[in-house]
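*Asks:* The sequence shown begins at 0 in numbering that gives the first Met the number 0 and counts up by one.
It is worth saying that the hints were derived from the structure and are not from the lab.
Since the structure is predicted, the reported quantities are computational estimates derived from the model, not experimental observations.
Yeah, the Cβ is synthetic: ideal placement off N, Cα and C, and Gly gets one too.
Hints may be right or wrong, so weigh each one.
To be verified - Restraint-style ranges between C-beta atoms, simulated for each label pair:
#1 46 / 12: 18 to 26 angstroms
#2 10 / 42: 17 to 25 angstroms
#3 32 / 9: 33 to 41 angstroms
#4 28 / 6: 30 to 38 angstroms
#5 5 / 32: 38 to 46 angstroms
#6 45 / 4: 23 to 31 angstroms
#7 7 / 43: 19 to 27 angstroms
#8 31 / 9: 30 to 38 angstroms
#9 8 / 45: 18 to 26 angstroms
#10 43 / 5: 29 to 37 angstroms
#11 30 / 5: 32 to 40 angstroms
#12 6 / 30: 34 to 42 angstroms
#13 41 / 11: 18 to 26 angstroms
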Amino acid sequence: MKKLMKRSLIARLLATAAETGLIALYLLNVISTGTFVPLIVIVSLLFWSFGVKRKP
0 MKKLMKRSLI ARLLATAAET GLIALYLLNV ISTGTFVPLI VIVSLLFWSF
50 GVKRKP
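Turn these sequences into a full structure, and let the hints steer you where they fit.
*Replies:* Take a look at the structure:
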């Protein structure tokens with residue numbers, strides 16, 4: 000049981016790190032080029048990922 004909880008925690012941390020990296024890359028892209036990737040896609044991905052995390 001503890002291994003499963005530990006794996007779940009590691010998976011959540013990796014997902015959070017991946018999201019943070021994607022947001023950072025998006026912001027760097029916007030700052031460097033001045034072109035906006037469709038923001039709706041990013042926001043919908045974030046809401047979807049947070050919804051997935053909240054499910055038990």
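*Asks:* Hint by hint, note whether the structure agrees.
*Replies:* Right, here's what the structure says about each hint:
no.	hint	result
1	46 / 12: 18 to 26 angstroms	holds (20 angstroms)
2	10 / 42: 17 to 25 angstroms	holds (23 angstroms)
3	32 / 9: 33 to 41 angstroms	holds (34 angstroms)
4	28 / 6: 30 to 38 angstroms	holds (33 angstroms)
5	5 / 32: 38 to 46 angstroms	holds (41 angstroms)
6	45 / 4: 23 to 31 angstroms	holds (25 angstroms)
7	7 / 43: 19 to 27 angstroms	holds (24 angstroms)
8	31 / 9: 30 to 38 angstroms	holds (32 angstroms)
9	8 / 45: 18 to 26 angstroms	holds (21 angstroms)
10	43 / 5: 29 to 37 angstroms	holds (31 angstroms)
11	30 / 5: 32 to 40 angstroms	holds (37 angstroms)
12	6 / 30: 34 to 42 angstroms	holds (36 angstroms)
13	41 / 11: 18 to 26 angstroms	holds (20 angstroms)
The earlier numbered hints are all upheld by this structure, with none contradicted.
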